[in-house]
Amino acid sequence: MRVATLAGPDGAGLVVGGRDGALHRATARDLTAALEAEEFGHAGVALDAPDRAAFRAPLPWSHTFLDGSAYVNHVDLVRRARGAPMPERFWTDPLMYQGCAVFEGPVHTYAGDPGWGIDFEGEVAVICGPVARGATEADAARAIRFVMLLNDISLRNLIPDELSKGFGFVQSKPPSQCSAFAVSVDALPGWDGLRLHGTLVVTLNGAEFGRLGCGEDMTFDFPRLVAHAARTRALPAGAVIGSGTVSNRDADAGPGRPRAEGGRGYACIAEQRMVETLLHGAPRTRFLQPGDHVEMHYLGPDGQSPFGGLEMRVAAP
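Mapped onto UniProt numbering, the consecutive letters of the sequence shown carry residue numbers 1 to 317.
Calculated directly from the structure, the hints in this document are not laboratory data. For each residue, glycine too, the CB sits at the ideal point set by N, CA and C. Certain hints may be false.
Said to hold, decoys possible - Between beta-carbon pairs, the in silico distance windows are: (1) 249 <-> 187: 17 to 25 Å; (2) 262 <-> 83: 25 to 33 Å; (3) 285 <-> 90: 40 to 48 Å; (4) 208 <-> 167: 33 to 41 Å; (5) 167 <-> 41: 40 to 48 Å; (6) 83 <-> 285: 13 to 21 Å; (7) 290 <-> 208: 20 to 28 Å; (8) 289 <-> 7: 23 to 31 Å; (9) 194 <-> 166: 27 to 35 Å; (10) 91 <-> 170: 41 to 49 Å; (11) 114 <-> 38: 44 to 52 Å; (12) 134 <-> 80: 32 to 40 Å.
Using the sequences and the hints, build the whole thing.
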């Protein structure tokens, strides 16, 4: 099953799709209500194929958005680039922050000051049913209902000052962007109950920037992330848990190379800049500027792209 939310004159509407690709208006008012009731019934008449711009995020807002950093290679590069040692606990204890729980749709224009260091982050995210406080990883695995793509828009030049205060991200993390469709775990060939396997493809201004294995180099799987989030709090139906930036090592276990140099590339500009700093002493790639255009899509083991693509354009403020 695939679910999406369409914008319309009467407000957003949840739609449900099956293997035949047809979309039907759901009986539930939104995805949170459907998850709470575990009811995904729909009207019998199929909708006309909507324009891509008509899609909002599958869950335009959630009670909770918690974003992890499951690909520890990304964290390792961040710290190596600034000469900081990697704490051993980062390999055993997930990093996670609480983000903005309002989500942009799959076609989005971000207007912001280029001096903020505008960047994208290609991630996988899961949408959960209710999760009890203190849930085990087995409990957490059973609570995962849907999977989608997420672009964690990040303002890199605002991050150091925010983190220096000892609290988390606020100004440096505006609303993230989600794929048009979230797909139920029982209908997703690349899902193994722990991770999503397949390829995340990222392009920047028409050139391929990253071609990464979603299921590779993921230190913490999704049940681990969900259980970590629920250690001291119950998670309501509709909680969104992000993987953090998808990040792969090179075949030689090195930090990776850009696509233009035959490497797998990256799912964010910051990571390419980190590698440039390690290799050349300083970054060479700029952050996003007005007029830049980013696209992301996922290819499953069957070659299909069940989530639809993400498209972000940058505009002047």
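Comparing the hints with the structure gives:
no. : hint                    : verdict
1   : 249 <-> 187: 17 to 25 Å : 31 Å, violated
2   : 262 <-> 83: 25 to 33 Å  : 28 Å, holds
3   : 285 <-> 90: 40 to 48 Å  : 25 Å, violated
4   : 208 <-> 167: 33 to 41 Å : 37 Å, holds
5   : 167 <-> 41: 40 to 48 Å  : 43 Å, holds
6   : 83 <-> 285: 13 to 21 Å  : 20 Å, holds
7   : 290 <-> 208: 20 to 28 Å : 22 Å, holds
8   : 289 <-> 7: 23 to 31 Å   : 28 Å, holds
9   : 194 <-> 166: 27 to 35 Å : 33 Å, holds
10  : 91 <-> 170: 41 to 49 Å  : 28 Å, violated
11  : 114 <-> 38: 44 to 52 Å  : 45 Å, holds
12  : 134 <-> 80: 32 to 40 Å  : 35 Å, holds
Of the numbered hints given earlier, the model fails hints 1, 3 and 10; all others are met.
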